[in-house]
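Peer 1: As a plain string of letters, each chain reads:
Protein chains: 2
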Amino acid sequence: MRDMKKRLDSRTIETYRKMLNEDGSAFAERFPGLHSNEQYQILRSFGREEQGAVFEIISPEAFAQVFKWFSRDEQLELYGHMEEDYRMRMLERLATDDVRHFIEPMGDGAQKGILSKMSATKRRHMEELLQYDRHSAGSIMRKEFVSGAPEDDVATVVEKLKDDTTTYEAVHFVYVVDHDQQLVGLVALRDLLIADGSQQLKEICDTSVHTVTVDMDQEQVAHIIQDYDIIAVPVVSADNELLGIITVDDIIDIMELEATEDMGELTASRGTTDMNISPFRAARKRAPWIMLLMGLGLITANVIGAFEETLESVVLLSFFIPLVMDAAGNTGTQSLAVMVRTISTGEYQKHGLWRTLGRELGTGVMVGAASGITIITLILVFYQELWLAFVVGISLLLTLSVATVIGTILPIIISKLKIDPAVASGPFITTLNDIIGLFIYFSIATTLLQI
Amino acid sequence: MRDMKKRLDSRTIETYRKMLNEDGSAFAERFPGLHSNEQYQILRSFGREEQGAVFEIISPEAFAQVFKWFSRDEQLELYGHMEEDYRMRMLERLATDDVRHFIEPMGDGAQKGILSKMSATKRRHMEELLQYDRHSAGSIMRKEFVSGAPEDDVATVVEKLKDDTTTYEAVHFVYVVDHDQQLVGLVALRDLLIADGSQQLKEICDTSVHTVTVDMDQEQVAHIIQDYDIIAVPVVSADNELLGIITVDDIIDIMELEATEDMGELTASRGTTDMNISPFRAARKRAPWIMLLMGLGLITANVIGAFEETLESVVLLSFFIPLVMDAAGNTGTQSLAVMVRTISTGEYQKHGLWRTLGRELGTGVMVGAASGITIITLILVFYQELWLAFVVGISLLLTLSVATVIGTILPIIISKLKIDPAVASGPFITTLNDIIGLFIYFSIATTLLQI
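Residue numbers (the UniProt record's numbering), protein chains in the order written: chain A, 1 to 451; chain B, 1 to 451.
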């Protein structure tokens, strides 16, 4: 959570703005030399007119490299300010996965309008990519890669690499496909370099290739890339036809998204960490959860209501309601956090339910015992009420043990039932633990009162 | 949080175990063809004797590739079962960053013992790497890379690549350094491939290289690699001397760790998501937080105690303590989750404090109003108490608004003060919001009672 993202400082950005306004030729000379991400940081701070001036200076082909860094809303705005010819030349050069990301949410008419103006190859590629479901491997792969036949010799492939202009971004492998476009293997550029020009690809290619299928979920693709240290994984159809590749930089973005989703699930704030959405839209997403939880909260009111008699005779009991509730909620959420992360990273699958549950329950009993003894001491010191001290202390031990079990099991049940895992989020587990905790607390108090 | 990590199924693992025990030669033939990660998955399920049998079959040089996948505890155990000669040959072949990770936590004596048996080059590299602080770029970089002088021609570098045996893993760039080892630029293998054999590196190298300094924090390195889509970033000293490289696969592991840490901070469960640690150690890490929070929880008891008179006259008020508390806690945690993630991903830095705070407060007021109206209706329906309905409803509006502000501002203050951000974790914000929420609730109740 430390604040360390290296970004251009505002002075540098201001310098470029001034340069653009005062001395266009100096800007035209220096700006193109920047990394596309730096160009993006400068451009996003510019007003509409300044951005327009940049379109005059940067070719649409070069702008394609910058375009991909913008959020989709920003892309739409920029696109709106471009002239028709500029737009199409830029889209033509943009990698297919980035084009898909941009045009996929558009209406059918707008999409067709854009596709109809594309080159035949690009249109064919785009029509293919648009078929795949969101979040599938097909939806994030790109069609730009270099391939060769098993019989091609190294010199031929090198010539092909020289002529290729579509794989704008770094190429690290040549994919070897047979005449049916079936993937045979891949050749790392290093092996291509040290091979003899007359050697055939089939002699030097690595055939134990890890692939992903086009309908695989993007999170699974991320795990495979991670497990096998792959820089660009080939995407194949069910019958092993090479359809595209997914590069590690796209996967990094997906991993970040996944971590943010995990956190959203934990706090029922899913989909609202994007600072670009308005308070009203954020409230609309969060309010249903808060209100649903409030409905559940009415159960806590009923539990307390059921023990009204006990409470009326000892109002002091109500003082410790928050303390017991918080301890149960905190302990349950800790177990939940462990589950959410270990399920995501695959650690859970390695250890299995029983070992995980044993670890968490063991932890809960120990934390409960330590907390119970502490609170007994504290209440004796501050309130001098032996009876109250034991009610709270024993409640803590029991409640905390139960809370770890609920925090561990509930997310597993929910993930097995294939329910939206947001339901397993922290607040639900907290509320459930509250209900159980209050019940334990008042039951013990009532029992001890009757003795 | 979906369960999708692709792993070898237990049947495959069982097949290899049987093969090893019944027909060693079949195992020796098939096992080496697996990916090192698959070999790891099979080996970790083996018992000590079976692992010992594998040492006979797999050369230490090949085993180095598998070794890196194990956790450090598992590595120590495996290492303990290897013979001295096997150990040293394996370490000699293990990439320097992996060797550092393995020997860094050892005592001085054990470290020196291992270093003294290494080759001169490896020992020099290791002594250098061990100087750098944990979590710095220096501590995760590797010394295995291919470099050339600006005057070297392409053919010479290709020869160098052919002879090189240290960069076991994929090489994607050749780093160009001058006679003082200062980094001049880099050449992508693709450019090397399409260049003429007689061209000099300085003619084809890219000089606008993004580097990281050796003392930079690893999280910052991760952000740079992400922002600039770099596959292997050069690590340089303060005076631009090339010291090593950090590859994207190491960065992915760090990103995953960072996300897990974020979640730990959110739930005060930091350092306990590792399922390999025992319940006792997990309890020891978590109990202090739970108990500290319980100490704070005593304040909630005092707040309620301060309003004892009000509570004695209307015991019904205590029924809604959990509901008000939970709503405040949940809303505050949602804002916190937004902050923790947007600070980590750099989104917060883009938008700044006021816009973020405005968004969250706006959301809080709207969620508060919606919740307030809902609870007023529910209490009127279920309890027919107009007075109680308004106390709870107005409390919710005020408490939820305050909760978003606290959830937003507290993590920023704490990150500015450079306090351990675990202190900003969800439970603390929840407890703080509880105290404020209870105070608001009982103040409104007392005021309305007196009218």
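Misleading hints may appear alongside valid ones.
[Stated by the list, open to error] DEER-style ranges, computed between Cβ atoms: (1) B/T213 with A/S119: 43 to 51 angstroms; (2) B/G24 with A/K416: 36 to 44 angstroms; (3) B/D164 with A/R30: 54 to 62 angstroms; (4) A/Q349 with B/K112: 51 to 59 angstroms; (5) A/D178 with B/A28: 27 to 35 angstroms.
It is worth saying that the hints were derived from the structure and are not from the lab. For every residue, glycine included, the Cβ atom is placed at its ideal position computed from N, Cα and C.
Peer 1: Hint by hint, note whether the structure agrees.
Peer 2: Hint-by-hint comparison with the structure:
1. B/T213 with A/S119: 43 to 51 angstroms: 44 angstroms, holds
2. B/G24 with A/K416: 36 to 44 angstroms: The hinted range 36 to 44 angstroms holds for B/G24 and A/K416, with Cβ atoms some 40 angstroms apart.
3. B/D164 with A/R30: 54 to 62 angstroms: At roughly 38 angstroms between Cβ atoms, A/R30 and B/D164 fall outside 54 to 62 angstroms, so the hint is violated.
4. A/Q349 with B/K112: 51 to 59 angstroms: Since A/Q349 and B/K112 have Cβ atoms about 39 angstroms apart, the given range 51 to 59 angstroms is violated.
5. A/D178 with B/A28: 27 to 35 angstroms: With Cβ atoms ~31 angstroms apart, the hint holds.
Of the numbered hints listed earlier, those contradicted by the structure are 3 and 4.
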